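S.K.: Those sequence lines, one after another, are chains A and U.
1 is the number of the first residue of the first sequence in UniProt numbering; add one for each residue after it.
1 is the number of the first residue of the second sequence in UniProt numbering; add one for each residue after it.
Rather than coming from a laboratory, the hints here were simulated on the basis of the structure.
Source: prediction; values computed, not measured.
We put the beta carbon where it would ideally sit given N, CA and C, even for glycine.
Quick list of simulated restraints, FRET-style, between CB atoms:
{"id": "1", "chain 1": "U", "residue 1": "178", "chain 2": "A", "residue 2": "178", "range": "48 to 56 Å"}
{"id": "2", "chain 1": "U", "residue 1": "493", "chain 2": "A", "residue 2": "496", "range": "52 to 60 Å"}
{"id": "3", "chain 1": "U", "residue 1": "463", "chain 2": "A", "residue 2": "416", "range": "38 to 46 Å"}
List of simulated lysine-lysine pairs, BS3-like, C-alpha gap at most 27 Å:
{"id": "4", "chain 1": "A", "residue 1": "272", "chain 2": "U", "residue 2": "150"}
{"id": "5", "chain 1": "A", "residue 1": "456", "chain 2": "A", "residue 2": "486"}
{"id": "6", "chain 1": "U", "residue 1": "150", "chain 2": "A", "residue 2": "135"}
A few chain A positions that, by computed beta-carbon distances, are all more than 12 Å from chain U:
{"id": "7", "residue": "232"}
{"id": "8", "residue": "256"}
{"id": "9", "residue": "277"}
{"id": "10", "residue": "280"}
{"id": "11", "residue": "287"}
{"id": "12", "residue": "306"}
{"id": "13", "residue": "309"}
{"id": "14", "residue": "317"}
{"id": "15", "residue": "366"}
{"id": "16", "residue": "475"}
{"id": "17", "residue": "486"}
{"id": "18", "residue": "489"}
{"id": "19", "residue": "500"}
Number of protein chains: 2
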Amino acid sequence: MLPSQLLRPTGAQHQGARQPFSGGALAPRRCVDGARVRRSPGAAAPGASPAVSPAPKSESRSSAGKIAESAGKASGSRGSAMIDTQPPRGTRDFFPEDMRLRNWLFGEFAAVSQGFGFEQFDAPVLESEELFVRKAGEEITEQLYNFEDKGQRRVALRPELTPSLARLVLQKGKAMQLPAKWFAIGQCWRYERMTRGRRREHYQWNMDVVGVPGVEAEAELLAAIVAFFERVGLTAEDVVLKVSNRKVLQAVCARYGVPDESFARVCVIVDKLDKMPREKVEEELAAIGVPPATVDGVLGALGLRSVEELGALLGPESEAVAELGRLFELAEGYGYKDWLSFDPSVVRGLAYYTGTVFEGRDRAGKLRAICGGGRYDRLLAAFGGEAQPMAGFGFGDAVIVELLKDKGILPAPAHTVDDVVVPLDAALRPAASGIATRLRRAGRRVDLVLEAKKMKWAFKHAEKLGAKRLLLVGASEWERGCVVVKDLAAFEQKEVPVAELAP
Amino acid sequence: MLPSQLLRPTGAQHQGARQPFSGGALAPRRCVDGARVRRSPGAAAPGASPAVSPAPKSESRSSAGKIAESAGKASGSRGSAMIDTQPPRGTRDFFPEDMRLRNWLFGEFAAVSQGFGFEQFDAPVLESEELFVRKAGEEITEQLYNFEDKGQRRVALRPELTPSLARLVLQKGKAMQLPAKWFAIGQCWRYERMTRGRRREHYQWNMDVVGVPGVEAEAELLAAIVAFFERVGLTAEDVVLKVSNRKVLQAVCARYGVPDESFARVCVIVDKLDKMPREKVEEELAAIGVPPATVDGVLGALGLRSVEELGALLGPESEAVAELGRLFELAEGYGYKDWLSFDPSVVRGLAYYTGTVFEGRDRAGKLRAICGGGRYDRLLAAFGGEAQPMAGFGFGDAVIVELLKDKGILPAPAHTVDDVVVPLDAALRPAASGIATRLRRAGRRVDLVLEAKKMKWAFKHAEKLGAKRLLLVGASEWERGCVVVKDLAAFEQKEVPVAELAP
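Start from the sequences and build out the full structure, keeping to the hints where you can.
M.R.: Right, dumping it as C-alpha cells:
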C-alpha cells in the first residue's frame with residue numbers, strides 16, 4: 001500500500017478558505033515540482049512509456065480508442081499502451097484509506113454544523129461564469145476554472161461556495177425563511193498555469209447566516225469554528241482566530257479621500273501586503289487612484305493590536321470599534337475569548353466583505369490560513385437582488401489536516417467488519433450466503449469470502465479487517481444447523497446454531 | 001417554500017445506472033420542455049429580464065462585472081440586472097429539504113455497502129478524456145461532457161465511475177490487495193445538445209468487486225441491491241432484477257460467424273432493440289459487417305425466459321448456462337431468488353461487459369432501469385494493464401426516488417434541533433451564548449436565536465424546528481443562575497439551574 005503522504009505544497013502562497021486552495025491536503029500523492037511521476041505498476045504493459053510525464057496525447061487517445069476491440073477479444077490481451085493512471089494534474093484520488101480520513105473530517109464538519117442547528121445545502125460544482133466574475137483583482141477570480149460548454153455558454157467549476165449560496169437565497173426570494181443558518185461541504189476548483197505542485201481542487205466547509213445584521217452572527221460562526229477545533233483535539237495554544245473589521249480600513253480610506261467604489265479593490269490589494277513588496281502594492285493602489293500616503297495610514301492602523309488603541313485612533317463613534325467590542329464581549333460569553341485575537345492586518349482577499357473579517361491560523365505561524373470568513377452584506381445587491389445581511393466562513397480540507405498531522409493528532413480510521421464468513425467448500429456457498437444475509441439483516445457488517453481460500457488466509461484476512469468473529473461454514477456442523485464461530489478477541493472457538501448467530 | 005417536485009423527464013430514453021442518467025431525480029425544480037422558467041423572487045430587481053429563458057450573455061456578464069463596485073457602495077443599491085438565479089441548465093440545486101432527502105438516500109447506500117464490508121473510494125469528477133473514449137457507439141461516450149482545459153488537455157466531467165475505479169486499480173498495481181470490495185457515491189455528468197428537460201448530472205452509487213472470477217461476486221452485488229431495496233421498504237412485488245449473460249449473445253454471434261472484435265459493438269447495438277426500429281438495428285449491424293440473419297438468431301435467444309430453455313438452445317457445455325445456473329443457486333442461498341428473473345433481452349449498453357449483466361426494474365414497467373451492472377473482466381487489459389476479473393453495478397439517484405414516490409414510501413426527513421435558546425434582552429446575549437456552548441458540548445443540537453425576537457416568534461420558531469425544549473434566558477432567573485425551560489412536548493415550564501441543563 002502506498003502511504004498517504006501529506007506533502008507540503010511547494011511555493012503555494014494561498015490563504016485558507018473563502019479564498020481557497022491551501023495547497024497540501026488530504027493525501028495528495030504526487031506532483032513533484034510540476035513533473036508527474038508515473039507509477040509503473042508491476043504489471044506495466046509491454047511498450048508502455050517510461051516513468052516520467054504522461055504519454056503524448058495521440059498515443060493515449062488511440063489506446064483508449066481500442067477499448068471496444070480489445071474488450072471483445074477472448075483473452076486478456078494487452079496490446080495497448082497503458083493509460084495514464086494518475087488523476088488529472090492538481091487533483092486527488094481518494095483510495096479507501098484517504099476516503100476514511102475525508103469521511104472522518106467531513107463528519108466532524110457536519111456534526112458541528114448540526115450542533116449549531118444549521119441545515120445543509122448544495123449547488124452544482126459547475127456554475128455560470130457570471131456568478132464568479134468580479135473586477136477586483138482577486139486571486140480567486142483570476143484563477144477561475146472556466147470554459148465554454150458545447151452550447152457556447154460560459155461556465156466555471158466553482159472556486160468557492162458563497163456565490164452559489166447567494167444565488168439560492170435570491171432564487172427563494174420572499175419564500176426564504178429568515179434568519180437562515182445553512183452549511184455546505186463541497187469541492188471547489190481553480191485553474192492556474194504555473195505548475196508548482198499546487199492543487200487545483202479542494203473541499204471546503206462553509207457555514208453562513210442569512211438575515212442577521214448584528215455581530216451575533218459572526219460570534220456564532222466563530223463559536224462553531226472553535227467547537228470544531230475542540231472536537232478534533234486542538235486548543236487555544238495551537239490555533240488563533242484573528243479578527244478585524246473592514247470598517248477599520250474603510251475609516252482610514254475615508255480619512256484619505258479614497259472613493260467608496262474603490263474600497264473593495266483596496267481591500268484585495270492591501271491583503272497582499274505581506275505577500276508582495278510594498279512598492280508593488282503602492283503601484284497597484286496608484287493604478288486605481290489611491291495615493292501612496294494612504295498606504296502609510298493603512299500600515300499605521302494595521303500595526304495596532306488592541307481594540308482600545310483602535311478606539312483611540314478612530315474615535316468613540318466608530319462603528320468598527322463598536323462591532324469589534326461587541327464581538328469580544330460575546331466571545332467571552334461563549335467561552336472562546338482565549339482563541340480570539342484582534343489583528344487589523346487581517347483584511348481577507350475577497351472583494352465582497354463589508355464588516356467583520358477573520359481567519360484561523362496556527363499559533364506557530366508555519367501554515368497558511370486554516371479558515372476565513374466575515375460579513376458580506378451587499379453581495380445580494382451586487383447580484384441585482386434585495387440586500388440581505390449575510391455572514392459566513394469557508395474552511396478548507398488542506399491546512400487543517402497538515403496541522404493535525406504536525407501535532408500528531410490526525411486520526412487514521414481503520415476499515416473494520418464485525419464478521420468474516422467463510423464457506424469451507426463450494427457446495428456450502430449458498431449456505432454461507434444465507435448466513436451472511438441473516439447477520440446483515442441484524443445490522444452486522446459482514447465480509448463474505450467469495451473465493452476458495454485456505455484456512456490460514458481466512459484467519460489473516462479476518463485479523464486484517466479487525467473482525468470480531470470468524471464464522472466457518474463446514475459440512476458436518478451445517479448438517480446440525482450450526483457453524484464454527486471463532487471469537488478473535490477472546491481466542492475462543494465454539495459451535496453455534498445458526499439461529500443464535502445474531503442477536 | 002417551493003415544493004420539491006419530482007418531475008418525470010420528458011422523452012428521456014436513458015437506461016439506469018452504469019449507462020447513466022435516468023432523467024427525473026431528487027427534486028429537479030424546473031426544466032419544462034427545455035424552456036427554463038425563471039422564478040422571479042419577490043425582490044426582483046428593476047430591469048430584470050422577464051420570466052422565460054436566461055438573460056442574454058452580454059447582459060449577465062456586465063452585471064456580474066459590477067460586483068466589486070456595488071459591493072463597495074455604502075448602501076444596498078440595486079443598480080445591476082438580476083443574475084440568473086437558476087443553476088446551469090440540466091443541473092440541480094439542493095435546498096435544505098432536498099439535501100436531507102439526498103443525505104438519507106446516500107446514507108442508505110453507504111449503510112448497505114458497509115454491511116457488505118465494502119470500502120469507499122472516490123476519484124476526481126474531472127478526468128482525462130482518454131479514460132472514457134471508446135469506439136463503441138455507446139450513448140454514454142457520445143454524450144461526454146468534455147472540453148479542453150487552459151493547458152490544452154482534453155478532459156471530461158466523468159459520465160460514470162467505473163473507468164476511474166479501473167484507473168485506481170492500475171495505479172495501485174501489485175500493491176493492490178485482492179480481492180477488493182469498493183464502493184463509491186459520486187456525481188456523473190453528460191452533455192447532449194437536445195434540451196428536452198433531460199438532466200446533465202446525476203449521482204450514482206457503485207459497488208465493485210475486484211479479483212473474484214466467479215459469479216459469487218455478481219451474486220454478492222445483487223444481494224446488496226436487494227438489501228438496499230428491503231431497507232427502503234420495497235418488495236419483490238415492486239421490483240425485479242433481470243439477469244442475463246453476455247456469453248448468451250456471444251454464443252449466438254459465434255454461431256453466425258460474427259468476429260470476436262465486433263462483439264462489444266454488437267452488444268451496444270442489440271441493446272437498442274426496444275428503442276429503435278428493427279431495420280435501423282439491422283442497418284447498424286450491417287455497417288460493422290454483421291449479417292441480418294444474426295438478428296434473427298439473437299431475437300430467438302432473447303425470447304427465451306428460463307435457463308433450462310437456454311440450456312436446450314446452447315447445449316450442455318455452455319458457459320453462459322453454467323454461470324446463470326450457479327447465480328440462481330446462490331440467489332436461493334442468499335434468500336433473494338424471488339427478486340431475480342432470467343431475461344436474455346438484458347444486454348446493457350456499455351461495451352465493456354463480458355459476462356453476467358443485470359438491471360433492476362419496477363415490476364409495473366413504468367420506469368427506466370433503476371440500476372444496472374455486470375462483469376467486465378477485460379477493462380483493465382483494454383487500458384493497457386494486466387487483466388483482472390471485475391464486476392460491479394451503478395445505481396442512480398433518480399429512478400429510485402421516482403419509484404419510492406410512486407409507492408408513497410419516500411421519506412421526508414425533517415430538520416430538527418434539541419433546544420432553542422432565547423436571550424430575553426441584549427444584555428443577556430453573552431449568558432445565552434455560554435448556555436448554548438454548554439448544551440452543545442453535551443452533544444445537543446442547539447439553535448441560538450441571534451436577534452431580538454418576540455416571545456410569540458420564539459415559540460413558533462421552536463415548534464417549527466421540532467425542538468424538545470425552549471430555553472428562555474431572563475434577567476431575574478439568570479441572577480439566580482437559572483433559566484426558564486419549556487418542555488414543548490409535555491407543555492411544562494420550570495426554572496432549571498444552568499448546571500442541570502445538560503446531562
